[in-house]
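Quick note, the sequences are listed as chains U and C, same order. Residues in the first sequence are numbered consecutively from -9, following the working numbering. Residues in the second sequence are numbered consecutively from -9, following the working numbering.
It is worth saying that the hints were derived from the structure and are not from the lab. Note that the structure is a prediction, hence the values are computed from the model and not measured. Among the clues, some could well be false.
Any copy, or any two copies together, can satisfy a pair, since identical chains are not distinguished.
To be verified - Using 16 Å as the maximum straight-line C-alpha spacing, the simulated EDC-like pairs for lysine to aspartate or glutamate come out as follows:
#1 148 x 92
#2 198 x 170
#3 5 x 132
#4 179 x 32
#5 179 x 57
#6 219 x 59
#7 219 x 270
#8 10 x 104
Protein chains: 2
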Amino acid sequence: MEVAKTIVSVRGLVKAARSKGKRIGFVPTMGALHIGHIFLIETAVKKSDFVVVSIFVNPAQFGPGEDFEKYPRPLEADLEICRKAGVDVVFAPACRQMYPSENLTWVNVEKLTEQLCGRFRPGHFRGVTTVCAKLFNIVAPDIAFFGQKDAQQAIVIKRMVVDLNVPLEIVVCPTVRSPDGLAVSSRNKYLTVEQKKDAAFVYKSLQKCREMVDVGITDSRTIITEMRKILSRALSIEIEYISIVDAETLQELDRIGRRVLVAVAVRIGSTRLIDNILVDLSKQ
Amino acid sequence: MEVAKTIVSVRGLVKAARSKGKRIGFVPTMGALHIGHIFLIETAVKKSDFVVVSIFVNPAQFGPGEDFEKYPRPLEADLEICRKAGVDVVFAPACRQMYPSENLTWVNVEKLTEQLCGRFRPGHFRGVTTVCAKLFNIVAPDIAFFGQKDAQQAIVIKRMVVDLNVPLEIVVCPTVRSPDGLAVSSRNKYLTVEQKKDAAFVYKSLQKCREMVDVGITDSRTIITEMRKILSRALSIEIEYISIVDAETLQELDRIGRRVLVAVAVRIGSTRLIDNILVDLSKQ
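Build the full structure now, drawing on both the sequences and the hints.
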């Protein structure tokens, strides 16, 4: 496995692989790799011939007062995980590689970024789409892998790729969960043992939603009320939002139908956690 | 010469050329090709092995009340010009190829788009950078050619390419002028014979600027006052702006120094014309 610190070197490595006819797979990450990332990487290894993982904690997607400074950066452990998973190149640039001067150019996806997390993290998705546009231009992959846990991010990136004609296939991989249902996330490291127990209630609330749908209850307000009750059992949880939206347009729905995203964001202490499930009545 | 109407077909043609090791040159245009474009195309033919010209009147860069509807679209004549100039592929997509659904994703360059024409054409540069980002992803050129006549556009595009790590070299070619000095432009077609005579005063005002600099006058306000006097001799000219700015940051300058852009925008009847010169005191 090669570790590229510069844009020039990662481009050279990808170019050499491409010249051998290899299909380039790409997993963009902020490091602090966990089994969710490993699942993305394993999928990339299966679906492509040459896998690039980027590790870059992107300042542009953190708001003021968010956890940019304290975000975990265990680079050596991350590299070991990549090595074991069969990654070909890790691209781990310093900040000045990615933003050598003031960044004036922003890629913004309208509408889709104004709902859900976008309401609570102004500028976040603009930072994500901008750095992904940059990374896609640097790595020039054929296929890139994102996690369903960050559902809105995946939807926004997909739309950016379509609108800007990026010659790239986007694959969204299912959320990986701990045995208690908690969606794995680099931010789980911030939680105490007690907080982790509370965090499991997020998935319990989503399971409650699924159970209600299974018995024919589809009214959003009724479902959200029950989900709120489940979450209220975890004393440390502050709900940011519980939303039932169209999985493509992210528009709020009064009633669950086809291709619906049920998304939750909470705060536990100073940690923000998100989770979601996809529900599709036409597939029941 | 091939004429590609679809994204799939232009990509196929470029891919075939690239697989033969050819360097891809690209001239994005809105058609209504004139000797300025021909100069860009000839430069592209010299500097690359396979030349793609796009012809697309991009609605996203026209404001309400601007000339999108009446913008000239002489496709057959344009194709003939391209054929003679040695173009390999003309990409002439219909609007629904470029914008098949509502465009939600916008590429915006801050600061540089807020000066000069950006003040008078809100949204214009956002439309330009977005369509160029799309075209660069579609054509995947190695080198692209823009005209110095649209100085701010060239500066904005260059910055977008740097900020987003687009793997592309941008070449800016000198302005081509009629014998009377008028910068050639597709919009000159809107002018009557009388208006064309007035339009020549735009370059006369820029020449006045250069003459003043040559005799050591560098104060912006003094120079702009004299330029304004020249322009006032043309009765049909309404001045939009006369600006003396840094050629990289586009910040207004009190005094002419190194790498300075002197830019003029006027209206003649309902036609908007722009022109500029570069002045560099360090090269006097």
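Now for the hints, and whether the structure bears them out:
For the identical chains of this complex, residue 148 and residue 92 are inter-copy neighbours only, at 14 Å across copies versus 27 Å inside a copy, given an alpha-carbon limit of 16 Å. When the C-alpha separation of residue 198 and residue 170 is checked against a cutoff of 16 Å, the pair qualifies only within one copy, where the shortest distance is 14 Å, while the shortest distance between copies is 78 Å. When the C-alpha separation of residue 5 and residue 132 is checked against a cutoff of 16 Å, the pair qualifies both within a copy, at 12 Å, and between copies, at 14 Å. Proximity of residue 179 to residue 32 under the C-alpha cut-off of 16 Å is found in neither arrangement, the shortest distances being 23 Å within a copy and 59 Å between copies.
In this homomeric assembly, residue 179 and residue 57 come within 16 Å of each other (Cα to Cα) only inside a single copy, at 12 Å, whereas the closest approach across copies is 57 Å. Taking CA atoms no more than 16 Å apart as the test, residue 219 paired with residue 59 passes in neither setting, with 34 Å inside one copy and 57 Å between copies. Proximity of residue 219 and residue 270 under a CA criterion of 16 Å is satisfied in neither setting, with 23 Å inside one chain copy and 70 Å between copies. Taking the closest pair of Cα atoms, residue 10 and residue 104 never come within 16 Å of each other, the shortest separation being 42 Å inside a single copy and 45 Å across copies.
Hints 4, 6, 7, 8, counting from the list given before, are not met by this structure.
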